[in-house]
Amino acid sequence: MKVKLDVGRYNPEADENNHFREEFELEVEDHFTVLDALMQIRDYEDPSLAMRCSCRASICGSCAMKVNGTSGLACNTKIIDVIRKDGSVKVDPAGNLPVVKDLVVDMQPFWNKMREIKPYIQVKGPEPEAEYIAPQQSMLDLVGAVGCIMCGACYSDCTVLEVDNNFLGPAALAKASRFIDDPRDEMDAERFAQLNQYTGVWDCTRCMACVEVCPKGVFPMDRIMSIRDKIMNAGMKNTNGARHAEGFASIIKNYGTLDETQLVIKTFGVFNPIVALSNIKSLFGLLPVAFRAFRKKKLPPIFHHKIVGVAFIKKIFKKLEA
Amino acid sequence: MKVAFYPGCVSKGGCPELYPATLKICEKLGIELDELEGASCTGSGVLQEKDRLLGDVLNARTFAMAEQKNLPIMTICSTCQGVMAQANKRLTDSDHPEYLEQVNSFLKEEGLEYKGTTVIKHILWILVEDFGVDKVKTLFVRQLTDLKIAPFYGCYIVRPSWALDFEDNPDRQQSLEMLIEAVGATVVDFDGKTRCCGFPLLTINEKNSVSMVAKHTSTVQELGADAMVTPCPLCHLNLDGYQPKARKQSGVSIHMPILHLPQLIGLALGFSPTEMGLQRHIVSTEAINKAVMESNPV
Amino acid sequence: MAVYQHDVIVVGAGLAGMRATLAAQEAGADVAMITKVHPVRSHSNAAQGGINAALESRGDSWDDHAYNTVKGSDYLGDQDAIEIMCQEAGSAVLELEHMGVIFNRDEDGRLGTRHFGGQEVARTFFVADITGQALLHALYEQVMKYNPRVYEEWFVTSLVVEDGKCCGVVALELMTGKLHLMKAKSIILATGGTGRCFEPSTNGLVVTADGQGLAYEIGIPLMDMEMVQYHPTTLKGNGVLMTEGARGEGAYLLNSEGERFMKTYAPNMMELASRDVVSRSEQTEINEGRGIDGCVLLDLRHLGRELIETKLAYINEVALDFANINLAEEPCPIRPGNHYEMGGIKTDVHGLTSMPGLYAAGECANVSVHGGNRLGANSLLDTVVFGKRAGIHAAGYSKQIEQINVPDSIISKDEERIKSFFDKKSNTDTPATIRLAMGQAMNEGLAVFRDEAGMQAAYKTILELKDRYKRLGVHDTGKIFNTNLLFAFELGFMLDTAETICVGALARKESRGAHYRTDMPDRDDENWMKHILVTNTGKDLPVVSFLPVNVTRWEPQVRSY
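Residue numbers (the numbering used here), protein chains in the order written: chain B, 1 to 322; chain X, 323 to 620; chain Y, 621 to 1181.
The hints are simulated quantities; they were obtained by calculation from the structure and are not laboratory data.
Every residue gets a Cβ at the ideal spot worked out from N, C-alpha and C, and that includes glycine.
Under the rule of at most 16 angstroms between Cα atoms (straight-line distance), these lysine to aspartate or glutamate pairs were calculated in the EDC-like manner: (1) B:LYS2 <-> B:ASP36; (2) Y:LYS785 <-> Y:GLU837; (3) B:LYS253 <-> X:ASP373; (4) X:LYS529 <-> B:ASP164; (5) X:LYS372 <-> B:ASP229; (6) B:LYS306 <-> X:GLU359; (7) X:LYS334 <-> B:GLU260; (8) Y:LYS1099 <-> B:ASP15; (9) Y:LYS1045 <-> B:ASP46; (10) Y:LYS1129 <-> Y:GLU1146; (11) B:LYS314 <-> X:GLU432.
Short derived list, chain Y residues pointing at chain B, Cβ under 7 angstroms: (12) MET764; (13) VAL826; (14) GLY1098; (15) ASN1104.
Away from chain Y, derived, C-beta distances all over 12 angstroms, residues of chain B: (16) LYS2; (17) GLU23; (18) GLU27; (19) ASN68; (20) GLY69; (21) ASN238; (22) GLU246; (23) ILE265; (24) PHE271; (25) PRO273; (26) LEU277; (27) ASN279; (28) PHE312; (29) LYS315.
All chains should be built: construct the whole structure from the sequences, respecting the hints.
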């Protein structure tokens, strides 16, 4: 099978400002993966092609990169599945991280964020002599998150990191949730406090890019959502994010459909002076937006109607809240 | 063709131009709309965050209502589509039939029961799959050949792939481009077309939300686009409504009209910009209006 | 020139390396880890099945574990070392659990076990089929907690010796291409196995016998190198591992006639006989025409989808991704493949080699606890037990001595080597070509069944390749992340190590453990129950010598399963 590998390259020693593309025309076996093709280039055509790889079996996490614009592991991406109509496959280094050379990126920001969430069991009292007693199900429930091979594919495709590289990112947050969910770890409150702030769980935009590209089924976004839920259940509701989620739920419960005006009021705590004060900048910032919308008759109606059957909706909510 | 119409919350709220535009084009296309009165919000991913079961029950209720009418559901919002698709997959998971039973137990009182047969499709997919691009083209009276348009899908209609049946329907991932070409316009392709508009972050981290708007709109502007088209009114709210802020925050002089998908179809079907509600947009569509009115008839 | 100096330097950041580092740090030493890849990329992460330990608290006895290990080793393992490993296994596993490893549990929430090869009692503790990864990541989490110094993506090119003591390393910093002299009072080699000397192999591309090569170069003996384990269940295409845990959960091995052929070779333990026995049985079936396309079948269908998707999720994914097989619906073709090196750098039970200041632990070392064949789930145990012991001993040793002085100019030797590689860049030969030829030759002559002619042929090829290597040039002369140069260094280590494997194999005139000679099929305890050491003395040919096996309680017996 013929394939053209269109590789995003970079050699700072030659020209530190020039990220260029190079095409390699290859004859490969039908079962070849993107990694097999790249190694063929590196081993037999251009030994200067830099990349990280080791296990060839999707367990070491070294070979995360972008194939046709989407992140994943090169070693389990089959050429036959990604070859485009023009016979090419586009390969680029992982995103959201500085490129060192060709397909090698500087992973330090990724590791630093992992460290920030304190990825180890922390207990308050003494350790038991033998093993901690832990229900089998609790260990099984952690296999998904422990299965994270820290490849960085989620980090590479995260849409928030594209605009704000302070965000802790899906991998670190998923790892944090692994410790929150571990019955042996006793630092939930401290972890919640950290993750409840800027760069933490509320900065996720729920775009599912991380879930889509994770090669291991870690479902990072789902784990971030579960931390949000736990934070709210622990009574930490003094964030716009928590107010937004609770406000949304209460509006649906009482009306059946969403009233955007009420949602904004509840999220910014307009009728709660302390909260409103902390949101004063956002509230003032909303004025021009609301004004423009008003001028164009683009505002939601002042009176929001309850839907037919809203009583049943309310009952459903009540049953599940119990 | 007849559908159970699910307009969602925003098409009657913050994007009130979308609802009448949809009604108009469906009439011309011959899609008979039976609006689902009493259907609740899908939960938008926000409710699901708090309680996934709750979200699934509310959506099952909507599905059951459509099932009673024996009609597929048509959505006009990427977020509604995605949330419903995910819910439907969980409810029809043959490995866990007990889940549907559990969900149905909450619907009993209202006399509803979801049997798992409802199909949910965005009008985007209906046009490309049930109609087919060629048939749709025969109904167009205008060719918008002077326009360059960038697609912007909205996260929930492109991810996660396990919920959206891409394997059986590969055209879905190119559907917006296909329709842009069908109306005669040129597609402005860019990597950000499947990224996030930032809407969910609006009240939590406005700076990042607006940065996303700035990034996508300025990118397509640089590529020469005259407008963006999106099947998601939440994306529209952000890309259009917050574009002035994006301009200010980024320092880039962005002016990128954002069209709802039904509006684009409507313009090709012969409706005027006013009939499609373009005057309600925050970012003026004057340039588009002119091009449309001067465009070639088919 | 920047000065790098520590009490203890650990080369390699896999399970053994990280365990040694943490132990040395806890013992108060200023310890640093040098690793050519980020710690979690180390090949320990590919171990799947589990870690053995006899927990007294549940009525298991370490004696039984030790006996199984001795028998499994085909009586080549040193029994004092094996006793120590089995005695310390219980506390090692509990330590790991306290570090947060999510071991499988029983109904009472206590640590749960699975069956594994060569042992009748189930004493293998596991995490689904990703035990290696779970352990490796847990140790890295401890490294992030305790923060020892890590020189990440630095590659050790040679060991520094002064006054007959090992007192430092020279290392290439991959990000900048700079060579550094790093002094230490003790060095612990924890660089892993020899997998890439063979083609195919289950091993990742980074497993290039670095420690063995480094030690061999300075005249440290390598012991029992001929004992190379071919794992019974590897995928045909890319040689990737399918865990023994599958058989531990009850999977069958079938030949082309659909029979569970292990009943002929190991009627008691069947599919869970020791690995060398199973590999030879499979190869016999294949050679005698009862294979399918050079493979036999691993059948998991009767285990049911739920078990496969929970306890064996990773190999389920591997089978689908790399062989297009759905394990719940069809049997999977597998065959024996290169997997593990029982042999290695000779050490005592503290990880100390024949040279003061130089230690080794993990797969690159040979204490010997695995002798002629390693039981499944004993490798993970070996790494943490002996990694810890080496770390403690090296830390203690460092407290007693002063840093030996070495002149900065000592790095000039490696500078010369690099220059020589660059000078030869017009030579069209490449590391990949030579490596492939080596791997294929080793897989031909030193696999499951060996004979004199085959081994000699392989040895001859290795010597030819060593000659070719002398002329090998490196075409990429860049400084930043130059993998071309890295591969050239690694190839040198692999060729030297491959030579010791050939020499050891030719020297052993019997069959024992993984070393099975069709021309000498019997075990000869009278003459050959001894270790074979291969040492580089700077002459053309290495020197072969012998060491007796340490026998404490178990006299050699006929080994049958």
